[in-house]
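Novice: The residues making up each chain are set out below.
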Amino acid sequence: MAPFDAVSALIGGGLIGLAAVLLMLLNGRIAGVSGILGEALTGDDRGWRLAFLIGLIAAPLLLGAVGRPLPVPWMPSSFTIVIAAGLLVGFGTRLGGGCTSGHGVCGIARLSPRSIVATVVFIATAMGVLAVMRHGLGG
Amino acid sequence: MPSVLAALVSGLIFGFGLAISGMTQPTKVLGFLDVLGLKSGTWDPTLAFVMIGALAVAAPGYLLARRRDRPLLAPVAAWPKKADIDRPLLAGAVLFGIGWGLVGLCPGPAIANLTTLSSRIIAFVIAMAVGMLALDFWRSSRAVDSMGRWARIR
Numbered sequence: 001m002a003p004f005d006a007v008s009a010l011i012g013g014g015l016i017g018l019a020a021v022l023l024m025l026l027n028g029r030i031a032g033v034s035g036i037l038g039e040a041l042t043g044d045d046r047g048w049r050l051a052f053l054i055g056l057i058a059a060p061l062l063l064g065a066v067g068r069p070l071p072v073p074w075m076p077s078s079f080t081i082v083i084a085a086g087l088l089v090g091f092g093t094r095l096g097g098g099c100t101s102g103h104g105v106c107g108i109a110r111l112s113p114r115s116i117v118a119t120v121v122f123i124a125t126a127m128g129v130l131a132v133m134r135h136g137l138g139g
Numbered sequence: 140m141p142s143v144l145a146a147l148v149s150g151l152i153f154g155f156g157l158a159i160s161g162m163t164q165p166t167k168v169l170g171f172l173d174v175l176g177l178k179s180g181t182w183d184p185t186l187a188f189v190m191i192g193a194l195a196v197a198a199p200g201y202l203l204a205r206r207r208d209r210p211l212l213a214p215v216a217a218w219p220k221k222a223d224i225d226r227p228l229l230a231g232a233v234l235f236g237i238g239w240g241l242v243g244l245c246p247g248p249a250i251a252n253l254t255t256l257s258s259r260i261i262a263f264v265i266a267m268a269v270g271m272l273a274l275d276f277w278r279s280s281r282a283v284d285s286m287g288r289w290a291r292i293r
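Protein chains in written order, with my numbering: chain A, 1 to 139; chain B, 140 to 293.
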């Protein structure tokens, strides 16, 4: 695993924030990835949503072209866990109206109590899952 | 058409941010979520720094956007209107948190990882899309029953 690098983390985070601000200033839209994907799957006004998703998919390719390819992501060996987690993330983010980007960045940036609560709940839940899975606590 | 191009650029910058910060690597995310790693010295603070960097730009940027009458390329700004902390919000956050903790992937990094062509990433993204469609299907079938409890608390 790559060591902790505060500068890369802050710069990368700043770019995520910049992307969110641009999408609001230009298009008047929230840069919440689960909402954008969910609405691209079922809603109307798909054009800008698909364009955003294409940008998100293409960015690592461009970084690869300048010599900074994405490392192959570590994933659990069990396909059952991968698929169960994907279903939970898809269903949960749409039910809760947002994910790490929509609630965690865009919502907290505008000090939405709803988003602050959602972010605390999903981070705390995920921490609980890790505590049980890695350390066998709480059963 | 300009708004589609703007969304493409925003998506690109978002993807650069995820890749540069290391958030496309699930082990970095899990390293943050594993708070018991604080004891063993394996805890990874990266996610917190990414959030700080993102909020340091997004918070003042949103203040600026709020003061403008309208976006440059659209008639109105679609600021979220919901304000209540209701059961769908909490239940959704818990379900998402379980899935996130299991694998260390949330929607943005999962999609940004698609070009690694990892079979597990592709399976995750398909399952995520199915989960989203399942919610829409469930909601539309619930909406028919307007006297239902779920419909009321929504």
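If you're looking for bench data, these hints aren't it; they were derived computationally from the structure.
Check the hints yourself; a few may be wrong.
Derived Cβ-Cβ restraints for the label pairs, each shown as a range [claimed, not checked]: (1) B:181 with A:64: 25 to 33 Å; (2) A:79 with B:191: 34 to 42 Å; (3) A:68 with B:191: 17 to 25 Å.
A partial selection of chain A residues facing chain B, derived with a Cβ cut-off under 7 Å [unchecked claim]: (4) 12; (5) 60; (6) 116.
Computed from a predicted model, the values in this text were never measured in an experiment.
Glycine included, every Cβ here is placed at the ideal spot set by N, Cα and C.
Novice: Confirm or reject each hint.
Specialist: Results of checking the hints against the structure:
Here the CB-CB span from residue 181 of chain B to residue 64 of chain A is close to 29 Å, well matched to the stated 25 to 33 Å. Range check, residue 79 of chain A to residue 191 of chain B: about 35 Å between beta-carbon atoms, so the 34 to 42 Å window is met. About 23 Å separates the C-beta atoms of residue 68 of chain A and residue 191 of chain B, a value consistent with the hinted range of 17 to 25 Å. With its C-beta approaching chain B no nearer than about 2 Å, residue 12 of chain A sits inside the 7 Å limit, and its interface hint holds.
With a cut of 7 Å, the hint placing residue 60 of chain A at the interface with chain B holds, because the nearest CB-to-CB distance is about 5 Å. This hint is violated: residue 116 of chain A has a C-beta 9 Å from the nearest C-beta of chain B, more than the 7 Å allowed.
Hint compliance for this structure: hint 6 alone is broken.
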